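Residue-level listing of the chains:
4 protein chains.
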Amino acid sequence: MVNVEWSMIMKKYRVGILGATGTVGQRFCQLLEDHPQFEISALAASERSVGKAYKEACAWKLSTPMPENVRKIEVQPISPPLDCDIVFSSLPGSVAREAEEVFARAGFPVISNSSCYRMEEDVPLIIPEVNHDHLGLIETQQAKRGFDEGFIVTNPNCAVVSFAPPLAALDRRFGVESAAITTLQAVSGAGYPGVASLDIADNVMPYIAGEEPKAETEAQKILGKLEGEAIEKADFAVSAQCFRVNVIDGHTASVRVNLRETAELEQINEAISSFPSLDLHSSPKDFMIVSEDPARPQPRLDRENGNGMSITVGRIFPDNISDYRFVSLSHNTLRGAAGAAVLNAELLIDKKLI
Amino acid sequence: MVNVEWSMIMKKYRVGILGATGTVGQRFCQLLEDHPQFEISALAASERSVGKAYKEACAWKLSTPMPENVRKIEVQPISPPLDCDIVFSSLPGSVAREAEEVFARAGFPVISNSSCYRMEEDVPLIIPEVNHDHLGLIETQQAKRGFDEGFIVTNPNCAVVSFAPPLAALDRRFGVESAAITTLQAVSGAGYPGVASLDIADNVMPYIAGEEPKAETEAQKILGKLEGEAIEKADFAVSAQCFRVNVIDGHTASVRVNLRETAELEQINEAISSFPSLDLHSSPKDFMIVSEDPARPQPRLDRENGNGMSITVGRIFPDNISDYRFVSLSHNTLRGAAGAAVLNAELLIDKKLI
Amino acid sequence: MVNVEWSMIMKKYRVGILGATGTVGQRFCQLLEDHPQFEISALAASERSVGKAYKEACAWKLSTPMPENVRKIEVQPISPPLDCDIVFSSLPGSVAREAEEVFARAGFPVISNSSCYRMEEDVPLIIPEVNHDHLGLIETQQAKRGFDEGFIVTNPNCAVVSFAPPLAALDRRFGVESAAITTLQAVSGAGYPGVASLDIADNVMPYIAGEEPKAETEAQKILGKLEGEAIEKADFAVSAQCFRVNVIDGHTASVRVNLRETAELEQINEAISSFPSLDLHSSPKDFMIVSEDPARPQPRLDRENGNGMSITVGRIFPDNISDYRFVSLSHNTLRGAAGAAVLNAELLIDKKLI
Amino acid sequence: MVNVEWSMIMKKYRVGILGATGTVGQRFCQLLEDHPQFEISALAASERSVGKAYKEACAWKLSTPMPENVRKIEVQPISPPLDCDIVFSSLPGSVAREAEEVFARAGFPVISNSSCYRMEEDVPLIIPEVNHDHLGLIETQQAKRGFDEGFIVTNPNCAVVSFAPPLAALDRRFGVESAAITTLQAVSGAGYPGVASLDIADNVMPYIAGEEPKAETEAQKILGKLEGEAIEKADFAVSAQCFRVNVIDGHTASVRVNLRETAELEQINEAISSFPSLDLHSSPKDFMIVSEDPARPQPRLDRENGNGMSITVGRIFPDNISDYRFVSLSHNTLRGAAGAAVLNAELLIDKKLI
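Listed in order, the protein sequences are those of chains H, X, V and E. Residue numbers for the first sequence follow the working numbering, so the first one is 10 and each next one is one higher. Residue numbers for the second sequence follow the working numbering, so the first one is 10 and each next one is one higher. Residue numbers for the third sequence follow the working numbering, so the first one is 10 and each next one is one higher. Residue numbers for the fourth sequence follow the working numbering, so the first one is 10 and each next one is one higher.
Okay, chain H solo, but in the shape it has when bound (with noise of 0.2 Å):
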């Protein structure tokens, strides 16, 4: 029998990143770095990176060093048209708006991790594990923008990554009836510089701008059901108070949960850890992973669980007020950011919508 890698008989797709140069841009040159179907063709950034090299214009803050093959390649401006078959855009919200839809426009398949577009009714908010089935939203966005080719496919917000999954598990065995969710959030998450270390060094900051409606109704719509052509978002409420901790990378969630059916720990227990993943390139071996630790799962040492791409949950107990409480945690630049995207990614090319 010949194992044939996949890379060496498929022409690579070739990818831009808009918004290259922040920390997210900095996680897809990473994760694209040897990656079996992409490839890297073209960088684009604000004003102020234009015309330089990568290697120049990004103030690199990952701890693996910067791929070779994106050191000399001079960044362009956010604007069509770039050199590439899909666009990977983490674009920071006021210019995506604009930039994303043009891109769309002229054809592009734009792997979105902003958040402008996530609520919009005809743009799928995905998960793949959870609601590929949405990306049937695409035709729809297509037909009313008349996008010809191009569309935009957005992930969801990285706090919401970390207690949708669990939430799905339990929706599609018991049906969930509410969920209240206390995030304790990863400084990474705002991006660079981000953070103040003044405001988080000895320090919790009990509010991140705009993150407790995003959680609160994105959830909401990626475990809804798409209907014709759009998306009943999920019947269930969800709460969420999103707290910022001196944490660098992962996103931990302190998570009660009514169901709408009895279930008992075991059966909880089991719904979440075999909840099935996808066979893609970044898909981890689990998607979720049930720790019977009780003091896990931890940031510092689950986030890497999954390469980064695992949905770490633990402390499953019935709870005094709702049916039951659980800890989970996913790494929020990884799953919650970059990973997504490229995960996103994967799946509309095993669905052969690219």
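One thing to keep in mind: the hints can contain errors.
Just so you know, same-sequence chains aren't split out, so a pair can sit in one copy or run between any two.
Stated by the list, open to error - 20 Å max Cα-Cα, derived SDA-like pairs, lysine to any residue:
#1 294 - 76
#2 70 - 203
#3 20 - 278
#4 81 - 290
The hints are simulated quantities; they were obtained by calculation from the structure and are not laboratory data. The model shown is predicted, which means the values in this text are computed figures rather than measured ones.
Please build the complex by placing chains X, V and E on the supplied structure of chain H, with the hints as guidance.
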């Protein structure tokens, strides 16, 4: 008009401290340095410190210098008699159970910060502003245990203190039906050496041994009613998920509350901020402070409010699932431990129970 | 004997603060809240704050509340006239150069914490206990620059303040031949937002822009001699490697020093600890404290010594290469910035130069 | 051409780990998980772990999961025989002295990370790239101590590893006359629980028990010359001031060096970056990396260079007092502890001493 200091005409009560070398014991020394009603006359600690001058026995960890008046006191064993009128105890649970009873039986009022007696039926668990009438249990305790003049009075777990006061305010005015709390607790709550830096740097610990049950049951006792010779615990459910975060001092609580009566946001604010303070030496001018700043309370900026004895509340909002949510904060080693015990002692004097 | 408060008989000097909304500006407000000689009468800041009440313009970051007396003061532009007798400046270098000169020319004594004039030949760079005689430069300055009544007096870079005082003590007694310093500096030294948490959490920064040359040259000027109309800088070499560490307040310096005369360890201790303090309102009782504890000084435990105005020195030992080594610490935003400027102003009053 | 993995034709050496449950012991398990030359066959630890499965006995603190191959191994007492060919020891000094000798006497090669034998005359203290010829001491050791086949080989203190390699490069080329070092060391160097968070959060510790003498003497031995049956220690003075900072992994050293011969900056750079690497399994491609970025090395960004086995050097400048200064960094639990021992074992195999 002659303005004479109270301390100039009154003899001070002489205080003995059990567990004097620990972090809470050190706080006792700090708080009593210039106290108008108390002076430290005896320090007791475990075997290994006995016979040494306090200065030698104690690895002082506070940012103010060790008070002159305790430096040379010789540390004594933890057993009566101690040359003092009142005993403050910050013993670890393992030794507190026996030692505190022995001291009470020997005639000493024992003001305890330990957890072991807090939930005993005949032991008052006091936050002076909230339930000073529970001191009525002392008589029952003395009768039941055959104590002559001595007794044990306790203050709550430090996590409870961060959220019980605003619940008390809401319960008194609107009736609380349930309260779901997620705490973000400081490392000083675990004493010294306590939390290893390897466990909390760039991390969150989702588990504090024994903390969640304490937080759930103590709140119900404090907000309960003294009926005859016992406390009838408050009839609302409490759920607590307790996290350790990388903060030195200051426990933050994310609270969701259901009320029995309808209340407007403005009324909630008012019920909390107008809850009466007491007129004891260590009482803050404002027992509870409601901050309008959307990014408060923060441990580093608010823990010292009212000399570390005020509770700071903020981010009070209607909630999607519960009636209201808010964030509440207290200084865990002041209002939540040593300061709480000192305030209890002041209350006992004020009530002529010492 | 009648003990009358100074403040009851003296009119207070009215102070204007340039750069009032920054971290050092906030410290000025804090330090002057109950100052017997000064009262704040004017606050000035950049364009974007002008016209707002200080309360609205300033993101207050200190752990004590914003003083009542400044909350409603309307922020004015950074240009004379300001309704005040003295100007304290904590402007960033970029605007300080022009603004401070304009104020001095307009007749104001300018007490500056900015770096731009520190090394100018005719500008005193003062640590009151060390080189108050350098104030003799003021006359030269006024003559040379054509200032009428105004002038500029500066305090040193916060890193310098952590090691220059013990060097001054040793230089005066034994002569310093060279001093090699490695600093471990707190994040507050960079102002707000200053250091990004992503740069300093679980990290050390080996570089602070412009800091090493400042540390090397300012120390030589402070320890220099006023000869006629100029300072003859100290004739010893200074080497400084400057690091940023994950500490909120308190700069630590690792110092190695060669002396011109032989000295016993005991003499070194004595020379430092007996260096005279001054009798100004903000002077600490002990200008320098020598700790015998092998694990001190530590920023968190020692930065508040002398209300943040003492220098704490420890670990004085003979060195394998240099004559002696020691560790020295000062509070960088108090003794090293705002407190330094306030002390300079007190000195100027004491010397009848204001 | 047939490319056959070394591990497929060679029997692996079977390794026993003494002190297997500690932080360095855990690193051994992690590093040997897929090692081509070694496989773990025995785990030994203190009384309290003996008889338990490693999985139960060990509080795993690394961010990668505990390897499958060790989870079920039963922990044995720290005494021979152990079912293995080589012993790796990370025992605390108190027990290492006796245990390591016993194992060596019983015929085991003991690769030790403990400090107790490092400075013994007949024990090699090895950084493979720097002084592998010191292995010549083994024969002397066996003769002197009456060991038959066993012996003890040690690796240096983790602080020393951060600065000795660049000193070796400079000494070899220009001759080092003196080296003054200030270290900023990570908390993991103290093991687990090690440093209390209350001691290091918002703080610097200026003292690490026993560290400064180790740093000063070990460097001289490593850079010394094997003359006959003994090491003649390097004839330059070393001064070390050692600080603990709030960093998880990665020791940073601030170094000032005087050279015997004149050297240009460019030559310094070149001498360090061109120092030869070895061709062992755990050797990094680049033993030392010289960074041109003025803000490097940083622990969080550079400690993983070369899989945690490279030394990163930066900020090389002429100094005002010494000839040159620079900043050097190494991963203290990889290159400075477990990785060092594994590399020593690989070296011993390569030299056919095992």
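Here is what the structure says about each hint:
In this homomeric assembly, residue 294 and residue 76 come within 20 Å of each other (Cα to Cα) only across copies, at 16 Å, whereas the closest approach inside a single copy is 26 Å. Taking the closest pair of Cα atoms, residue 70 and residue 203 come within 20 Å of each other both inside a single copy (12 Å) and across two copies (17 Å). For a Cα distance limit of 20 Å, the shortest separation of residue 20 from residue 278 qualifies neither inside one copy, at 42 Å, nor across copies, at 42 Å. Taking the shortest alpha-carbon separations for residue 81 and residue 290, neither the intra-copy value of 27 Å nor the inter-copy value of 31 Å comes in at or below 20 Å.
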